[in-house]
Amino acid sequence: MRDFISMKDFTKEDILEILRVAKELEEKNEVELLKNKIVGSLFFEPSTRTRLSFTSAAYRLGAKVLGFDSPDATSLKKGESLRDTIKMTEAYSDIIVMRHNRDGAARFAADIAKVPVINAGDGANEHPSQTLLDIYTIQKEFGEIENKKIAFIGDLKYGRTVHSLTKALQLFNCEFYFVAPKIIQIPKYITRELDEKGIKYHLIEDYKQILHEIDVMYMTRIQKERFDAQADYEKVAGVYVIDKDSVVGKCKEDMIILHPLPRVDEIKIDLDETKHAKYFVQAANGVPTRESIFAIALDKVKIESKGKIEKNIKTSDTVICGNEKCITKFEETENKYVVTGKHIYCYYCNKDIKK
Amino acid sequence: MRDFISMKDFTKEDILEILRVAKELEEKNEVELLKNKIVGSLFFEPSTRTRLSFTSAAYRLGAKVLGFDSPDATSLKKGESLRDTIKMTEAYSDIIVMRHNRDGAARFAADIAKVPVINAGDGANEHPSQTLLDIYTIQKEFGEIENKKIAFIGDLKYGRTVHSLTKALQLFNCEFYFVAPKIIQIPKYITRELDEKGIKYHLIEDYKQILHEIDVMYMTRIQKERFDAQADYEKVAGVYVIDKDSVVGKCKEDMIILHPLPRVDEIKIDLDETKHAKYFVQAANGVPTRESIFAIALDKVKIESKGKIEKNIKTSDTVICGNEKCITKFEETENKYVVTGKHIYCYYCNKDIKK
Amino acid sequence: MRDFISMKDFTKEDILEILRVAKELEEKNEVELLKNKIVGSLFFEPSTRTRLSFTSAAYRLGAKVLGFDSPDATSLKKGESLRDTIKMTEAYSDIIVMRHNRDGAARFAADIAKVPVINAGDGANEHPSQTLLDIYTIQKEFGEIENKKIAFIGDLKYGRTVHSLTKALQLFNCEFYFVAPKIIQIPKYITRELDEKGIKYHLIEDYKQILHEIDVMYMTRIQKERFDAQADYEKVAGVYVIDKDSVVGKCKEDMIILHPLPRVDEIKIDLDETKHAKYFVQAANGVPTRESIFAIALDKVKIESKGKIEKNIKTSDTVICGNEKCITKFEETENKYVVTGKHIYCYYCNKDIKK
Numbered sequence: 059m060r061d062f063i064s065m066k067d068f069t070k071e072d073i074l075e076i077l078r079v080a081k082e083l084e085e086k087n088e089v090e091l092l093k094n095k096i097v098g099s100l101f102f103e104p105s106t107r108t109r110l111s112f113t114s115a116a117y118r119l120g121a122k123v124l125g126f127d128s129p130d131a132t133s134l135k136k137g138e139s140l141r142d143t144i145k146m147t148e149a150y151s152d153i154i155v156m157r158h159n160r161d162g163a164a165r166f167a168a169d170i171a172k173v174p175v176i177n178a179g180d181g182a183n184e185h186p187s188q189t190l191l192d193i194y195t196i197q198k199e200f201g202e203i204e205n206k207k208i209a210f211i212g213d214l215k216y217g218r219t220v221h222s223l224t225k226a227l228q229l230f231n232c233e234f235y236f237v238a239p240k241i242i243q244i245p246k247y248i249t250r251e252l253d254e255k256g257i258k259y260h261l262i263e264d265y266k267q268i269l270h271e272i273d274v275m276y277m278t279r280i281q282k283e284r285f286d287a288q289a290d291y292e293k294v295a296g297v298y299v300i301d302k303d304s305v306v307g308k309c310k311e312d313m314i315i316l317h318p319l320p321r322v323d324e325i326k327i328d329l330d331e332t333k334h335a336k337y338f339v340q341a342a343n344g345v346p347t348r349e350s351i352f353a354i355a356l357d358k359v360k361i362e363s364k365g366k367i368e369k370n371i372k373t374s375d376t377v378i379c380g381n382e383k384c385i386t387k388f389e390e391t392e393n394k395y396v397v398t399g400k401h402i403y404c405y406y407c408n409k410d411i412k413k
Numbered sequence: 059m060r061d062f063i064s065m066k067d068f069t070k071e072d073i074l075e076i077l078r079v080a081k082e083l084e085e086k087n088e089v090e091l092l093k094n095k096i097v098g099s100l101f102f103e104p105s106t107r108t109r110l111s112f113t114s115a116a117y118r119l120g121a122k123v124l125g126f127d128s129p130d131a132t133s134l135k136k137g138e139s140l141r142d143t144i145k146m147t148e149a150y151s152d153i154i155v156m157r158h159n160r161d162g163a164a165r166f167a168a169d170i171a172k173v174p175v176i177n178a179g180d181g182a183n184e185h186p187s188q189t190l191l192d193i194y195t196i197q198k199e200f201g202e203i204e205n206k207k208i209a210f211i212g213d214l215k216y217g218r219t220v221h222s223l224t225k226a227l228q229l230f231n232c233e234f235y236f237v238a239p240k241i242i243q244i245p246k247y248i249t250r251e252l253d254e255k256g257i258k259y260h261l262i263e264d265y266k267q268i269l270h271e272i273d274v275m276y277m278t279r280i281q282k283e284r285f286d287a288q289a290d291y292e293k294v295a296g297v298y299v300i301d302k303d304s305v306v307g308k309c310k311e312d313m314i315i316l317h318p319l320p321r322v323d324e325i326k327i328d329l330d331e332t333k334h335a336k337y338f339v340q341a342a343n344g345v346p347t348r349e350s351i352f353a354i355a356l357d358k359v360k361i362e363s364k365g366k367i368e369k370n371i372k373t374s375d376t377v378i379c380g381n382e383k384c385i386t387k388f389e390e391t392e393n394k395y396v397v398t399g400k401h402i403y404c405y406y407c408n409k410d411i412k413k
Numbered sequence: 059m060r061d062f063i064s065m066k067d068f069t070k071e072d073i074l075e076i077l078r079v080a081k082e083l084e085e086k087n088e089v090e091l092l093k094n095k096i097v098g099s100l101f102f103e104p105s106t107r108t109r110l111s112f113t114s115a116a117y118r119l120g121a122k123v124l125g126f127d128s129p130d131a132t133s134l135k136k137g138e139s140l141r142d143t144i145k146m147t148e149a150y151s152d153i154i155v156m157r158h159n160r161d162g163a164a165r166f167a168a169d170i171a172k173v174p175v176i177n178a179g180d181g182a183n184e185h186p187s188q189t190l191l192d193i194y195t196i197q198k199e200f201g202e203i204e205n206k207k208i209a210f211i212g213d214l215k216y217g218r219t220v221h222s223l224t225k226a227l228q229l230f231n232c233e234f235y236f237v238a239p240k241i242i243q244i245p246k247y248i249t250r251e252l253d254e255k256g257i258k259y260h261l262i263e264d265y266k267q268i269l270h271e272i273d274v275m276y277m278t279r280i281q282k283e284r285f286d287a288q289a290d291y292e293k294v295a296g297v298y299v300i301d302k303d304s305v306v307g308k309c310k311e312d313m314i315i316l317h318p319l320p321r322v323d324e325i326k327i328d329l330d331e332t333k334h335a336k337y338f339v340q341a342a343n344g345v346p347t348r349e350s351i352f353a354i355a356l357d358k359v360k361i362e363s364k365g366k367i368e369k370n371i372k373t374s375d376t377v378i379c380g381n382e383k384c385i386t387k388f389e390e391t392e393n394k395y396v397v398t399g400k401h402i403y404c405y406y407c408n409k410d411i412k413k
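As given, the protein sequences belong to chains A, B and C, one line each in that order. Residues in the first sequence are numbered consecutively from 59, following the working numbering. Residues in the second sequence are numbered consecutively from 59, following the working numbering. Residues in the third sequence are numbered consecutively from 59, following the working numbering.
Since the hints were made in silico from the structure, they are not lab data. Heads up, some of the hints might be wrong.
Okay, the calculated beta carbon distance ranges per label pair [stated by the list, open to error]:
| no. | chain 1 | residue 1 | chain 2 | residue 2 | range |
| --- | --- | --- | --- | --- | --- |
| 1 | C | ASP301 | A | ASN159 | 44 to 54 Å |
| 2 | C | LYS372 | B | GLN288 | 37 to 47 Å |
| 3 | C | GLU90 | A | THR376 | 48 to 58 Å |
| 4 | A | LYS93 | B | LYS255 | 28 to 38 Å |
| 5 | C | LYS172 | B | LYS308 | 23 to 33 Å |
| 6 | C | ASP301 | A | ASP375 | 42 to 52 Å |
| 7 | C | VAL322 | A | GLN281 | 46 to 56 Å |
Using 27 Å as the maximum straight-line C-alpha spacing, the simulated DSS-like pairs for lysine-lysine come out as follows [said to hold, decoys possible]:
| no. | chain 1 | residue 1 | chain 2 | residue 2 |
| --- | --- | --- | --- | --- |
| 8 | C | LYS81 | A | LYS95 |
| 9 | C | LYS145 | C | LYS172 |
| 10 | A | LYS302 | B | LYS145 |
Derived list of chain A stretches under chain B, where covered just means 3 residues or more per stretch with a C-beta under 8 Å from a C-beta of chain B [unchecked claim]:
| no. | stretch |
| --- | --- |
| 11 | 70-77 |
| 12 | 112-119 |
| 13 | 310-324 |
| 14 | 336-344 |
Beta carbons are placed, not taken as given, at the ideal position from N, Cα and C, and that holds for glycine.
Input sequences plus hints: build the corresponding full structure.
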């Protein structure tokens, strides 16, 4: 492990090792582990929480941070390619953390860069450090991850966070409840995969019927803009606003509520002080999780890893990714794709490619 | 002392202790006092001088700094509440410095945060570190603060700086000259308080008549926008522009000129090199003053303090602050207010509440 | 040497000393040379590459960095003068790195500031650290700078980089090829100077005829906006796009291609992996070069220097710089000018003044 680009690159063992290191770094105070290291923090779109969390993790380990927090103050305005921005930054820093608006931008950057690249979110594609801190929170709160019953609530169609976490938790034999109005329910390609693997899941519209049996309630924002008809939005929006009354006493004693944040109004603040509210703890867990990522990427801790997951990667001028937001549409790439048993998908943005 | 929110929280002894620590930190070089500490620097509106001064103070004591310098690159655009931004930042830093556009935002943040909060200006309400560095400058220049004759010149109606400094200097038996056209003269609630305490003050329009007797000439910007009629502005504006000719030789030998900066044209640059010009020294004094604030807030120096000033704080759903710019209008607060002898005022923004 | 404002201030010996220190700092790891030093990084216009490169250099030597990366988040919006911004920053930092949009702003700032000032680009005037890193790259690649044949290609009329580098390389007995369409060919005042000194140069339109004999191919962007007629642009633009086919095998074995970056499309990426492509190495060389500048400016290394080049500087109220973009038009300066044998030129922006 060197780059942190996609949860697809990690085995279950890899994930457990990353969490183990996170725990150790949280307990110890390794203030010089990354002494004299420079982190290049490239935020091509703003994301305060992710950016500050990575910066805090770097500082806690003794590293320094340079970069930009939005593209307004960059050479991008002069038309510089991502390729060249990466070639520049690798000369000025020892590791790159990048948030980018294009799907697949992180994989592309990792191929270009001589230094490790951490994906801090690439368009609608992946945000692996968020997934890792989500799992870390579950592990910390319950002592283990196996066999948990997880309800995802809200916008499950567009939520990168939910897709990624579902994928990762499959490795831990979890059971899923996808709670959403049909119009923003979880995509078919995910349920298809769950079907193929024989993993239990439920598609429902109201969380109240399953509130008593779940271990984790994973809330997300429902965005008004997703709905064509204002009336449709108003019909469903209220159902997914939780408060003390609607949750406390009606759920398991040790049920936890998570949220990737920022919230708008889907969790009322009267829940914040209850024992179930773990979303701020979750945000705080971003620091040790990202410390772990830095330490592993820069080879400063030893981990047990059975090496990279093998992928069957091919290059072609005719097999072209159809995703209009894919980095392949904006940069000169090698047009790589990945062949699995039945499918092929874009090496960069992970979208299925139709043959 | 932990939070630095309002000058109202400090006794005279507290102020003298803060200044003593500032002096000690200016003389010694405590480059590791805040080693491994992280300062969260949250500027919801831009303020280069204040931000860089706090950052310099943090660096000089060995701390690291993360945050943002304007709200453009933040999650605020996604509608995140100040409450949640603070809950996030307290996980990523050991102390928070905050500049915010809402009156009372700093007190609100301090109530929410687990880490100390430093008010770097909250709307039209307070900016205590500015007041402290102003007093520090007077103390350094004269050896003491007691019994000084201070003229405030310019926009005294809207100037948060002037109001705050007047309040603080009352503790040191100073005499005040408020020099301004009637339309932007010092507010009545301040002179009422001076009257009640029997403190000497003068309301005048032309500084020339008192130039020979004052110790401190505190200049401020007069903003054109404050005047309804352009003609009114032009009538007064010129009177409050000082230069070498209008000051040197006509004032006390040791009179000092202060200004919170940035100036526009109210002090001509031919004054900069005179012995009276202390506004750049004053700006530089922001560094040791803010070092002192950090060191005290993080409990890294011992100070003599007789504890917090007791306030009679109440909570109510019916006693509501009438200030439309108060943080209570924008966040879910506890609607606290403070009861004094005759008056009640908003716990957050300090504005009087009419019963 | 203290300030780094203009290549005009350096003798050949000075330049060689700066490069010597750069090389030493690149080889050694002087991580504490600037410990506890604070760099004020003032970017009045965005420039990611230059800013990050200076920041990286500061970090590699143990310094801290504060400042701003664009004027949007500064007091400039309140109308603060550059003079006052500099007076502020000198109190908060030990050295100032400044990029400014006005010609001559750097010299003005250096006169004001008590701390050393590094010019990171002032309008169309100078960008000395770019010139130094260009020369450093030539020295590193060839072992020496003397007697090289250098072709400058592209926009030679407006390119500050090209003008500055031409000036510096004259000291090393180089031969120049200025390759550009007439409309954006090198200015006459430069060829006039070369003529006066008897230095060999060639004005041509197509690089192909001299490709086999040059040592350095210095590419620049051609900007569409420079051309009045779109047709003119299209006629020439294609000629100045190089790729593997047009260069490899047709040039000297050890010819190097440089570019100040960012490029747009004038160098195709198929050249990046060839041995000739040195533009990313060049960008990386910005770090040791700027480390050297910091170390010398802050007097942390010993260099052999025969002292400042003497200039005949005069002040006048009647001899006025005619450059509308000169800092003298925007700030209260002393209106200095420099007298040479035949000419006089503006002390700030270096433009000739007609008597």
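Do the hints match the structure? See the list:
no.	hint	verdict
1	ASP301/C x ASN159/A: 44 to 54 Å	violated, 29 Å
2	LYS372/C x GLN288/B: 37 to 47 Å	holds, 42 Å
3	GLU90/C x THR376/A: 48 to 58 Å	holds, 56 Å
4	LYS93/A x LYS255/B: 28 to 38 Å	violated, 55 Å
5	LYS172/C x LYS308/B: 23 to 33 Å	holds, 29 Å
6	ASP301/C x ASP375/A: 42 to 52 Å	violated, 18 Å
7	VAL322/C x GLN281/A: 46 to 56 Å	violated, 36 Å
8	LYS81/C x LYS95/A	holds, 21 Å
9	LYS145/C x LYS172/C	holds, 8 Å
10	LYS302/A x LYS145/B	holds, 19 Å
11	70-77	violated (count 0)
12	112-119	holds (count 4)
13	310-324	holds (count 4)
14	336-344	holds (count 4)
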